[in-house]
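Novice: These are the residues of each chain, in order.
2 protein chains.
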Amino acid sequence: MAKPRIYMHDVSPRDGFQNEAVFIETADKIAFINQLSQCGFAKIEATSFTSPKAIPALRDAEVVMHEIERVAGVEYTVLIPNVRGAERALACGIDEANLVMSVSETHNRANLRMTREQSMAQLGQIIEVLQQQTLAKPVAVNVSLSTTFGCPMEGDIAEAEVLKLIDNFARQGVRRITLCDTTGMAFPSQVRRLCRKAKANYPEVTFTLHFHNTRGLAQSNVLAAIDAGIDRFDAALGGIGGCPYAPGASGNACTEEVVHMLELEGFDTGIDLQKLLQVGAVLPSLVQHDVPSQILKAGHRLTTHPAPAYVQETGQPKPKDAAVGVIA
Amino acid sequence: MAKPRIYMHDVSPRDGFQNEAVFIETADKIAFINQLSQCGFAKIEATSFTSPKAIPALRDAEVVMHEIERVAGVEYTVLIPNVRGAERALACGIDEANLVMSVSETHNRANLRMTREQSMAQLGQIIEVLQQQTLAKPVAVNVSLSTTFGCPMEGDIAEAEVLKLIDNFARQGVRRITLCDTTGMAFPSQVRRLCRKAKANYPEVTFTLHFHNTRGLAQSNVLAAIDAGIDRFDAALGGIGGCPYAPGASGNACTEEVVHMLELEGFDTGIDLQKLLQVGAVLPSLVQHDVPSQILKAGHRLTTHPAPAYVQETGQPKPKDAAVGVIA
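From first to last, the protein sequence lines stand for chains A and B.
Sequential numbering of the first sequence, starting at 1, is according to UniProt numbering.
Sequential numbering of the second sequence, starting at 1, is according to UniProt numbering.
Certain hints may be false.
If several chains are the same, the list does not tell them apart, and a pair holds so long as it fits within one copy or across any two.
[What the hints assert, rightly or not] Each computed DSBU-like pair below joins lysine-lysine, with the alpha-carbon atoms no more than 30 Å apart:
#, residue 1, residue 2
1, K3, K197
2, K164, K197
3, K297, K197
4, K275, K297
5, K199, K164
6, K199, K3
7, K53, K197
8, K275, K197
9, K3, K53
10, K275, K3
11, K199, K137
Derived by calculation from the structure, the hints in this document are not laboratory data.
The shape of chain A in the complex, shown without the other chains (with noise of 0.2 Å):
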């Protein structure tokens, strides 16, 4: 019997860089991105389309479009705020447009300066410009809805209100909408709950989950969204990204943990691990810091080590006194 597919989207690139403190040459993520390119995501989040003074480590976002190496079968999606970022990402040619707004109102006007009413608005001039597009391949409008899991100025959000804004845009004709768990809120009985509403009343619409660690929940999250019936997960590389909210704290799910799981759990996610483990290596200093992933320092499960020399040495040790116990 095929594994069942689970599709992995890596999100470093953006929502990994977008907060680093230090800015990353544009030729390093050019050659970043061409690295993940050939470990078998179904999709990249390359850069984001902001403005330059807003977000200035992702102010290299056309020339990363440009001089990038797309593989066929990856998706190239992008990060769009406004018309303006729609008119540059689409000068570039690109597979997705990622828009993006919050559930809470408070998060929203914190995050984008705006109210929900005013991005209901502002997203709904971009979906008009992508859908007059005549392209030959047209542009794939994906809607990531922030907070859907919890706010963290206005503590939990109902279902309803995520329901709502699914709804709004599915009747423009959205039919790719990402729940995104954006600090780290989300339990899995909540996501399972959520995921399993959403995939029944919008049938039409392919649901991506994005969880971050932030309380150390993003793989049980992952299986619970799974068990709703979910198979396409965001995550970074290294688990990095940040919270604003929780200094310290881990960013996004990790996407070779996230993999390491799936295909330990019977999950085809399509990920050469093994070299994505090897683009992982290079994270520490791309980014100038120690990254959250504990696969990357562990190894896959099955990494084995020497045993000590006196193991190896002596057949039948001779029982000591001193018995260590160390490890339980």
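Once you have looked at the hints, place chain B on chain A.
Specialist: Using the frame of chain A, we list chain B on its own:
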């Protein structure tokens, strides 16, 4: 309907502190255990009666056990490697003796410097000594099986090997067994399968699961074990405790992250999470380094933060071309 009960054991004073490079002052250990005792744990692993030469970090086992304030309802367990350790521990009034050996032959030799056969004989002697006690409240015996889900030197471990060891100890009258994922090699479907078999074959045994977060799977493994009917878990506050085969990777399952998750999932852990987070807050200064816990940094998922001033001040902020879209 009453929430299902999960019993939490904190092992940080033993499995955590034994790995610390800096000696934690005896008075600090005692104060720390006293605080843990107020949080609602079913069990606390307070120290280890190993040779002070083998584990100098816990050379103060007697003083710790004599001076901590025992709280009714909390069992105080200690790690015991041999008959000498059992005699020392019995003189201190313990509730449970935790004996340890590995399922993996190579790991047993590396960690305990004995063959498994020699370990079984030695543990048999300790069990006999403990069973011959005629105390008003007999000391319980727990056997911890290291490398149950994999060995960092041998790789995969056959389920049959685990079941054979469980059988060996069940026949000797042991009614408490801990299945230890010593170096974080367990994954959810493996955990579910083995726990189901162990519980079905040995209904007279109470099983505890002991996970390490070496590859980011501790939380998912806890949920998988609960699926299989397990209701007792070891974990360490702060996620401290090392893994000598994965330098820099996380240690034990993090107590406060497990509790946070289980309470959200509708279980009653008996733990006062707010109190626990206060105890955890002292850990970095106690061990003199950052600890893996995410929750200690981020707080409970409903920890809310004030909105930025520009959101609070303006009722209807004006849309700006430079919309940020920093967080998704």
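Novice: Indicate, hint by hint, whether the structure satisfies it.
Specialist: Hint check results:
In this assembly of identical chains, K3 and K197 lie within 30 Å of each other by CA distance both inside one copy and across copies; the values are 25 Å within and 25 Å between. With identical chains, the CA atoms of K164 and K197 are at most 30 Å apart within one copy only, with a shortest distance of 12 Å there and 45 Å across copies. Taking CA atoms no more than 30 Å apart as the test, K297 paired with K197 passes in neither setting, with 38 Å inside one copy and 32 Å between copies. Proximity of K275 to K297 under the C-alpha cut-off of 30 Å is restricted to the intra-copy arrangement: shortest distance 15 Å within a copy versus 32 Å between copies.
Taking CA atoms no more than 30 Å apart as the test, K199 paired with K164 passes inside one copy only; the shortest distance there is 14 Å, against 45 Å between copies. Taking CA atoms no more than 30 Å apart as the test, K199 paired with K3 passes in both settings, with 22 Å inside one copy and 29 Å between copies. When the C-alpha separation of K53 and K197 is checked against a cutoff of 30 Å, the pair qualifies neither within a copy, at 39 Å, nor between copies, at 59 Å. For the homomeric pair K275 and K197, neither the shortest alpha-carbon distance inside one copy (36 Å) nor that between copies (36 Å) is at most 30 Å.
For the identical chains of this complex, K3 and K53 are neighbours neither inside a copy (46 Å) nor across copies (51 Å), given an alpha-carbon limit of 30 Å. In the homo-oligomer, the alpha carbons of K275 and K3 lie at most 30 Å apart inside one protomer (21 Å), although the nearest pairing across protomers, at 45 Å, exceeds that limit. Within a single copy, K199 and K137 get their C-alpha atoms as close as 27 Å, which meets the 30 Å cut-off; across copies the closest is 56 Å, which misses it.
Checked against the numbered hints above, the structure violates hints 3, 7, 8 and 9; every other hint is satisfied.
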